[in-house]
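The hints should help you fit chain B onto chain A, whose structure is shown.
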Amino acid sequence: MTAGRGPVSTANDGEPRFSTWTGKARGWALRRLPPDKLLPEGQPSYVSSWIYVFGMGAVAAFVYILGSGAVLALNGPTWFHVSAFGRFINSTHLWSVELFFMFMVIHLWGKFWMAAWRGGRVLTWITGMLAFVVSIVTAFTGYLLQTNFDSQWIAFQAKDALNAVGVGAWFNVADLGQILMWHITLLPLAVAVVVALHVVLVRMHGVVPPLEAAESDAQLRSAAPNPAVDDKDMK
Amino acid sequence: MTKAPVSVSWRARNDIASRPWPGTTREYDLFKELAVGLVVVALLVLGLSAVFSSPDDPSVTLKSWAVAQPADFVATATAELGGTSGTAGYGPPYNSTADATQKLGPIDLQTLSGVRLPIDTANDFVIGPLQTLPTPPAAIDEWTKASDAQHASWTAAYGDALSKAPDNDSAKVPPGDYGPVPILTGALLAMAQQGTLDPVLSARGSFYNTDYKASILFLGDGSYFPGLADAQHLTGDQWGMMNETGNYPGQSWLWLFSALYQVEPFKSSTNADVLVVFSMVILTLLLTLVPFIPGLRSLPRRIPVHRLIWRDYYKHR
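Going down the list, the sequences are from chains A and B.
So in this note's numbering, the last spot in the first sequence is 235, and the numbers never skip.
So in this note's numbering, the last spot in the second sequence is 1317, and the numbers never skip.
Calculated directly from the structure, the hints in this document are not laboratory data.
Glycine included, every Cβ here is placed at the ideal spot set by N, Cα and C.
Incorrect hints may have been included.
Label-pair distances were calculated between CB atoms; the ranges are [stated by the list, open to error]:
#1 Glu215/A <-> Lys1315/B: 42 to 50 Å
#2 Leu1286/B <-> Phe18/A: 25 to 33 Å
#3 Val1039/B <-> Arg87/A: 22 to 30 Å
#4 His1233/B <-> Arg203/A: 37 to 45 Å
#5 Glu215/A <-> Val1039/B: 37 to 45 Å
#6 Tyr1248/B <-> Leu189/A: 21 to 29 Å
#7 Leu1286/B <-> Asp36/A: 34 to 42 Å
#8 Ala214/A <-> Leu1285/B: 27 to 35 Å
#9 Phe18/A <-> Leu1283/B: 40 to 48 Å
#10 Leu189/A <-> Ala1138/B: 53 to 61 Å
#11 Glu1264/B <-> Arg203/A: 45 to 53 Å
#12 Glu215/A <-> Thr1270/B: 57 to 65 Å
#13 Lys1172/B <-> Leu189/A: 55 to 63 Å
Chain A regions said to be covered by chain B (calculated; three or more residues, Cβ under 8 Å) [to be verified]:
#14 18 to 29
#15 35 to 48
#16 57 to 64
#17 71 to 77
#18 97 to 111
#19 138 to 146
Partner residues are not named here, just some residues of chain A that face chain B (Cβ under 8 Å, in silico) [to be verified]:
#20 Arg32
#21 Phe149
#22 Asp150
#23 Phe156
#24 Ala161
#25 Val165
#26 Gly177
Next comes chain A alone, as it looks inside the complex:
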């Protein structure tokens, strides 16, 4: 027996066979998402519309939300009242959130009108919606953390909806400590995980082709083989 890191055997079809859990997991991941699909250098010719930039725009805005949020969290929720630099960082946090939602909503409705769940992409759609919903809750907790008039009023108003459905005692919008923990730990982590899963699913399944695309289309008839596409996944 050798201590090599490769597959322990190869089946008749040339597919590697692994015996360990780790090897099987790696094999599964490589089959579902080979490196050229994860980090492609080409896309189908129909991926040529401005609508496609908004998903990436939302990811870019999320990067700035996390960055500005980290600076605010390190300095505490009342810092921006007394520091000009803190106020500026607070402003970048606000505007990156506004852009994040604007990009995300345009992306969402673009994908709706593309019926982008077609061809086995339903989980991509659902994780996208989940990212939207969790982001709304995260933003809501952020508004509660402003420690100013707006957050006071939002806490007073929002308690009614939460109490009416019986969760207000556990999600106490007037408890700054509790809301701070939700906003800077659990919820950003949840958004990041769901967004990462969504992006991986997009890479795994590829961008959905146009509605009404047919085998007789010029784009399909005159195609040269695409190195970025793994034919084995047609199974």
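Below, chain B without anything else, positioned relative to chain A:
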């Protein structure tokens, strides 16, 4: 030959949407797009922040309320003593007031949650804070020894007298059978105006505290705090859920949540909050599960926005 309708099914089949694209491709650089996206969004964020900054209206305190509108403060303190304020009659999770909860048909989730954040408005908002004074008013004894019926009678009489007094000024209230209520509310007003009520009400006998529900609920029971919100277009009937102080964009993504509060049957329902939340849960589930819902999932085929999105593809097919 009749053309088959275009499939909008979520299922993976042996069709073009389900197979890896075998057609023409274009060069695409994922990392370059990310880099460009980061630069463009950074410029937008920095530009918007530099030009518009962000809102930061100072918080309201019990002191600022008591100084700005002492009559409103005294009337609210009277209602807290008499158990007639909004918080006193709220129900769970603050207290067990009968028939105060919102219900969804036979389902009463508010009652099911129980009284988990108990608040006794008379003791927590008025008597308790007054007892922390170096020399608590002797009127506290008279109040604590009296019956609930007597409390109700005193506070109702004083509340009525306040509402009829010129400018609702407690100094202009005619003599009457108010018991210790004028002294208690007057002492609480003085305490608030000196700024000593704020820390007492938020800390509630402890050194550390992060829970501001007592102060926020007390503020909300008056008309000063809601009046400020109304002036900023922040109340529920002003689409306030999606507004922000000043002219800044707020949580505009809550537009539908806010819109439901503006229309019947939600608008005038005593169960508006639970009905709106339930409706939003249903609508969110519908959008999340739209790939599985016949009819809804066909909308992109019936309303051809996709012809615009993929116009270049259709032009050259």
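Range hint 57 to 65 Å: satisfied by the CB atoms of Glu215/A and Thr1270/B? holds, 60 Å
Three-residue Cβ test at 8 Å for the coverage of the stretch 97 to 111 of chain A by chain B: holds (count 5)
Against chain B, is Val165/A within 8 Å by beta-carbon distance? With a minimum Cβ separation of about 5 Å from chain B (threshold 8 Å), the hint on Val165/A holds.
Taking the beta carbons of Glu1264/B and Arg203/A, is their distance inside 45 to 53 Å? holds, 47 Å
Does Gly177/A pass the interface hint, meaning its C-beta sits closer than 8 Å to a C-beta of chain B? Hint holds; Gly177/A Cβ to chain B Cβ min 3 Å, cut 8 Å.
May I ask you to test the interface hint for Ala161/A with respect to chain B, counting a Cβ-Cβ separation under 8 Å as satisfied? holds, 5 Å
Does the hinted range 40 to 48 Å hold for Phe18/A and Leu1283/B at CB? For Leu1283/B against Phe18/A, whose Cβ atoms are near 45 Å apart, the range 40 to 48 Å holds.
Against chain B, does the stretch 35 to 48 of chain A show at least 3 residues with beta-carbon separation below 8 Å? holds (count 10)
Lys1172/B versus Leu189/A beta-carbon gap, inside 55 to 63 Å or not: With a Cβ separation near 58 Å, Lys1172/B and Leu189/A satisfy 55 to 63 Å, so the hint holds.
Taking the closest Cβ pair, is Phe156/A under 8 Å from chain B? It holds, given that the least Cβ distance between Phe156/A and chain B is near 4 Å, below 8 Å.
Take the C-beta atom of Val1039/B and the C-beta atom of Arg87/A, compute their distance, and say whether it sits inside 22 to 30 Å. holds, 24 Å
Falls inside 37 to 45 Å, the C-beta gap from His1233/B to Arg203/A? Holds: the Cβ-Cβ distance is about 44 Å, inside 37 to 45 Å.
Checked against the numbered hints above, the structure breaks hints 1, 2, 14, 17 and 20 and satisfies the rest.
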